[in-house]
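Single-letter residue listing:
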Amino acid sequence: MKRALALLFCLAALPALAKDTLNLYNWNNYIAPETIKRFEELCKCEVKQTYYSDNEELLAKLAAGAKGYDILVPTSNAVTPLIKGGQLKPIDKTKLTNLKNIDAKYMNTSFDQDNKYSVPYAMSTTILGYNAEKMKELGLPTDTWAVIFEPKYLEKVKGKVTVLDSSSELFAAALKYLGYSANDTDEKHWKEAADLIKRAKPYWAAFNASSYIKELTVGNIWLAHGYSNDIFQANLDAQAAGRKFQILQGMPKEGAVLAVDNMVIHKDAPRPDLALQFMNFMLEGKNSAELTNLIGSGNPNTDAVKYIKPALLKNPAIFPDAGVAAKLEQLKDLTSAQRKLRGKMWTEIKASR
Amino acid sequence: MPSGQTRSQVRVQNRPRNRHSALLWTAAIAGYAFLYLPLVIVVVYSFNDSRLNAEWVGFTLDWYRKLAHNEEMQQAAANSLIIAFMTSLVATSLGTMAGVAMHKYKLRLLPILVLTPIAIPEILMGVSLLIFFVLLDFSLGLVSVTLAHIAFCIGFVAIVVRSRLAGMDESLTEAARDCGASPWQSFRYVTLPLIMPGVIAGALMAFTLSIDDFVITFFTAGAGTVTLPLQIYSMIKIAVTPEVNAVSTLLMLLTLVLIVIATKLSPSLLRSNQEN
Amino acid sequence: MNRRGEKFGKWLVSGPPILYLLLFFAIPALIMVLASFRSAGEFGGLAPLIDDAGKPDLNVESYVRFFTEPVYAQVFVKSFMYALATTLICLLIAYPLATLIAKSAKKHRDLLLLLVILPFWSNFLIRVYAWMIVLGPQAALARTVNGVLGWMGIGPVSLLFSAFAVLVCLVYVHLPFMVLPLYANLEKHDQALLDAAQDLGANGWQRFWRITFPLSLPGVYAGAALVFIPALGIFAIPDILGGPNDSLIGNVIKQQFLETRDWPFGSVLSIVLTVAALALAGLAAWVGARSTSREASGA
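Residue numbers (our numbering), protein chains in the order written: chain A, 1 to 353; chain B, 1001 to 1276; chain C, 2001 to 2299.
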């Protein structure tokens, strides 16, 4: 009798086991739960999400040979090593009927000519986040990188400033401030940037990519080098908690880094068909807009505009105007030799006093 | 000597209270306070009405409600518990064997094999195990994670068991053998009860290391394998909400309950020899 | 027991752990030791072992880099200092705790032990975040400290994002790994020895220093090993609440595997760290063995 019951249970579970699964390897909180549910109903499949919190983690895991993922969501400069390392499956664009929704200026970039492998998903910029009341009180500018690099400004906020713990982001900000391109690879310019950073370092509270938002929101930190999505969220949280200050986004006039995240298919994807279906689904304006409305991310989808909350559309850090957009740059991947040099300079910066 | 009491128990009864026990008590209580201060914050802040959870805003049960609907988080917690229990079981067995072997025999390979996983940086071990599993075409999932965890937990158990055995009186085991006990019997009824506190200490350490591991788990987990640390660390750049505090609080309580039940079910296994 | 039986017993007990560790640790580790002699892949990972010309890609470039660029040795030394401080402070805090548990009545011991380890079944990250709240500038602790310092005329200090915060967290995270081995050792101490000493006139301090502490040394060494060695390689704590000067070797190693994508160099740094840690452990064991044998023969 027991055996028969056990067998019945197994048989009942079988249809569930046989359900199609799409394996999505994504940043945490980078897709709205409603969107996932709607896709699951549409494709009659299950979406399993696993997470990473850094492009580099994704790259390291795939470089060591991991597989089983269908869709990955790397930033453009991570797409390059993935393509060159032969990790991606070319996309069958005939299945992507909604591809025309993407703004042409984000298509056919140097990262993936002709978009053979990738499709833009969402964007963010790396800018300044600041406590509006404090900065006004101290009379500090909030539209220039000088405020985190120049001792004359830093003196007033000593110990209340954090910068991102990322050599590429911090060097990019320094290079932009010095008037160079964020993708400049001249060793002399890098040396200048490194010296600029070392000079400012004693005034900074920390190199921090993980807890700076909390500290900014409660007022322990007054100025941060951070991501636009996070700073947007921080203000929502600060207002919800009833704080007496606003957390605002400051777009530096020298320009900033733009990060475009893309959907790609892994070369060993178990279900490339579901992956393409998912991509096409996310290229619909309605679905793409849900993420922007959730976390305040930038959106390369022209069709999404009519679904995005008006307040977000007016936000210059999320939807920069043409003048600002011209000064935004996407970071390019470096060669192995350049990465080693950058790594050495970064370690020296961290070890300097 | 009165029956049923050891020599030391009789002595203690007749001794005046040690003058230094007040100092000992204060220091120990301070130690517990140090251990529990952050924990109190963890539990209290699981009721905090603030997404970023950096300061107390107000009381709410919302996060527990969210957790009740969050299947992903629940699955992650369940996976973590399963992996931790399996790891603890296997690592404690293998580690105890290793500890006993290192004490008893003059081995050269085992001490190195046991100590190196503790010394080696986790990221190196994680990457190397991933490459290894891929080479063997071993599918990544709960099993690969458990195998990896066992590998780095064995050393902790072995070192504690060996230190427990250090200076241990061999005469008891020899006496047992003289009375005709087989090697297994002398181990089971003489050695094992003597080293039991070390074995338990090792098992607790292995469990703790496994349930909280991130780096090695990140590399050896498969697509769709979630453990609690993987889930939580991926939130690190966005917001580690009070829901994480909630799941941690519940997990701690659950684990405590499970372990208390386990000790009640097998008292003979865990009581030390002195009561027999 | 005859010779063959003895040998069989030896392999029966040491065999399974050796086999397991050889398979799931030694072989993977050797893959990375080999990697330290290879070149980094242009886009990540490792360059192919046999290059296009059919020659194996083996070199000692990464080792040469380590020995010719002094900054890495500097960071190593800093990490050793932190790990050493962590170990000593852990020992100071853990010893009374372990003693109390060991001296407690049988029925309380298991519970007290569980209470020590219970906090560590919550997630590491939120425990560190809890410390950020405790050490935050607006919390009671920082305000008290800065109040006292202000009264002495010294400017306010930040407890958070500092070496102090890193050290407090390091000690906190490693404490159970000192308490448990110490407890396992102290539990077997016979009270009769201490009572006899008291009878002979020894005071509390003498009983501790000349009986309890020497007997507990194996536990102290075990705890020290299980704290010092892992503490050397830690990176998450400086990442979350360290200041700009608190980068440790664990952070540098992580950077090689992730941002820089220089696995060979990351392997070199890891091997140096591992070898150094093992050498120190071996040295400590040797010193310990010599002092116990000297005591046995001399005192």
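One or more hints might be untrue.
What the hints assert, rightly or not - Restricting the straight-line Cα-Cα distance to at most 35 Å, the calculated cross-link-like pairs of lysine-lysine (DSBU-like) are: (1) B:Lys1264 with C:Lys2078; (2) A:Lys188 with A:Lys244; (3) C:Lys2055 with B:Lys1106; (4) C:Lys2103 with A:Lys188; (5) A:Lys309 with A:Lys191; (6) B:Lys1104 with C:Lys2107; (7) C:Lys2007 with B:Lys1106.
Note that these hints are calculated values from the structure, not bench results.
Predicted model, so just to flag it, every value in this text is computed and none were measured.
Going down the list of hints, with the structure as the test:
For the proposed pair B:Lys1264 and C:Lys2078, the alpha carbon gap of about 47 Å is over 35 Å, so the pair is violated. The hinted pair formed by A:Lys188 and A:Lys244 fails the criterion: a straight-line CA distance of about 45 Å is larger than 35 Å. Restraint check: the Cα-Cα separation between C:Lys2055 and B:Lys1106 comes to about 43 Å, which exceeds 35 Å; the hinted pair is violated. With a C-alpha separation of about 66 Å, the suggested pair C:Lys2103 and A:Lys188 falls outside the 35 Å cut-off, and the hint is violated.
Restraint check: the Cα-Cα separation between A:Lys309 and A:Lys191 comes to about 44 Å, which exceeds 35 Å; the hinted pair is violated. Distance restraint check for B:Lys1104 and C:Lys2107: the Cα-Cα separation of roughly 31 Å lies within the 35 Å cut-off, and the hinted pair is therefore satisfied. Proximity of C:Lys2007 to B:Lys1106 is assessed by CA-CA distance (about 12 Å); at most 35 Å being required, the pair is judged to hold.
Consistency note: the structure conflicts with the earlier hints numbered 1, 2, 3, 4, 5.
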